[in-house]
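**Q** Heads up, the sequence shown is in this note's numbering, so the first residue is 63 and it goes up one at a time.
Here are the simulated BS3-like pairs of lysine-lysine, each with C-alpha atoms no more than 30 Å apart in a straight line:
#	residue 1	residue 2
1	Lys85	Lys113
2	Lys85	Lys72
3	Lys102	Lys90
4	Lys72	Lys102
5	Lys85	Lys102
6	Lys103	Lys85
7	Lys72	Lys103
8	Lys196	Lys208
9	Lys113	Lys72
10	Lys72	Lys90
By construction, these hints were calculated from the structure, which means they are not laboratory data.
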Amino acid sequence: MSRSYSEELKFIERIDSHSFRIKKGFVKNMNVEGRFYVNKKLEELSMAELKNFSEHSGGGTFLPAVKQIANVASLPGIVGNSIGLPDIHSGYGFAIGNMAAFDMDNPLAVVSPGGVGFDINCGISLLRTNLSFKDVQPHKDQLAQKIFDYIPVGVGSKGIIPVSTE
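Input sequences plus hints: build the corresponding full structure.
**A** Structure below.
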């Protein structure tokens with residue numbers, strides 16, 4: 063059952079000039095709320111996606127980013143909120159720029175490859191250490207530099223692996 067655009071908007075609440083809350087109920091079985099953070103242009107794009115989706119009765123396989131954020135909020139074991147970062151846009155499963163944390167002590171919790179760009183091999187990863195913030199704080203500048211040195215971040219950036227437009 064699809065809702066009109068105005069009905070969909072009842073589930074999206076502006077928090078401040080760049081922040082929005084997606085209330086439970088926006089999609090079925092949401093375990094937590096969604097949040098997304100956008101500038102004016104991306105807000106307009108996100109709302110236009112939702113409007114287009116609503117006016118075409120949700121037909122096709124395209125899902126607007128705000129729906130994808132809400133779908134992630136319905137995954138088992140999610141904690142906190144499903145977050146749309148300032149580069150949010152529609153993706154495959156997770157929206158691009160969608161972030162979520164899961165309670166791995168919860169036997170129903172998921173590990174979702176869709177959250178790490180498996181379809182285009184984005185290479186996003188998570189590293190767990192036993193270091194605390196206090197341990198890392200005095201070394202954060204050197205750590206940031208080493209990360210930059212060893213992880214290519216795009217054409218025109220320099221790292222240990224040469225990257226060019228070719």
